[in-house]
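Asks: Sequence:
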Amino acid sequence: MRGLMMLTEVTADRMGLKNRLDARESIMAGARYLQLLKEQLPLRITEQNRIWMALAAYNQGMGHLEDARVLTMQRGLNPDVWSDVKRVMPLLSQPEYHENAKYGHARGGEAVVHVETVRLYHDMLKRLDAEGKLPGTGHFPFGFGKN
296 MRGLMMLTEV TADRMGLKNR LDARESIMAG ARYLQLLKEQ LPLRITEQNR IWMALAAYNQ
356 GMGHLEDARV LTMQRGLNPD VWSDVKRVMP LLSQPEYHEN AKYGHARGGE AVVHVETVRL
416 YHDMLKRLDA EGKLPGTGHF PFGFGKN
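So the sequence shown is residues 296 to 442, counted in the working numbering.
Heads up, none of these hints are tricks.
Below 20 Å or equal to it, Euclidean Cα-Cα: the simulated EDC-like pairs (lysine to aspartate or glutamate) are:
hint, residue 1, residue 2
1, K421, E342
2, K333, E361
3, K333, E411
4, K428, D418
If you're looking for bench data, these hints aren't it; they were derived computationally from the structure.
Take these sequences, add in the hints, and give me the full structure.
Replies: In structure tokens, the structure reads:
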């Protein structure tokens with residue numbers, strides 16, 4: 296994995312990315328790949344859940360996400376809801392679960408951390424006022440902004 300969007304060589308080739316170290320090219324290819332993953336998910340999944348699941352697949356691969364969804368269903372939870380899938384996905388790192396999974400071992404906990412970190416930043420950015428400040432604080436998040 297290389298570049299801003301951490302694409303593998305295989306994925307970069309699939310997305311037509313010539314130089315993974317070119318930030319603009321990498322972002323555009325990563326966005327296309329995320330959209331492709333989202334489109335592979337069943338349409339019955341709500342838009343918001345599709346986004347979070349596509350991000351998990353971006354991190355660990357669609358096969359591992361599918362293994363997590365199957366395991367989620369086996370545990371009596373909803374495989375179409377990210378909050379249920381994220382409870383189960385970390386189990387794919389444990390032999391008693393990944394030995395029976397179609398795609399095997401996965402670092403599912405990493406995918407959950409990845410998605411939840413993106414969600415946190417997404418929620419913070421939604422709260423910014425017109426000047427880019429967090430309302431009621433008078434300061435810019437992440438140490439960026441006007442001096």
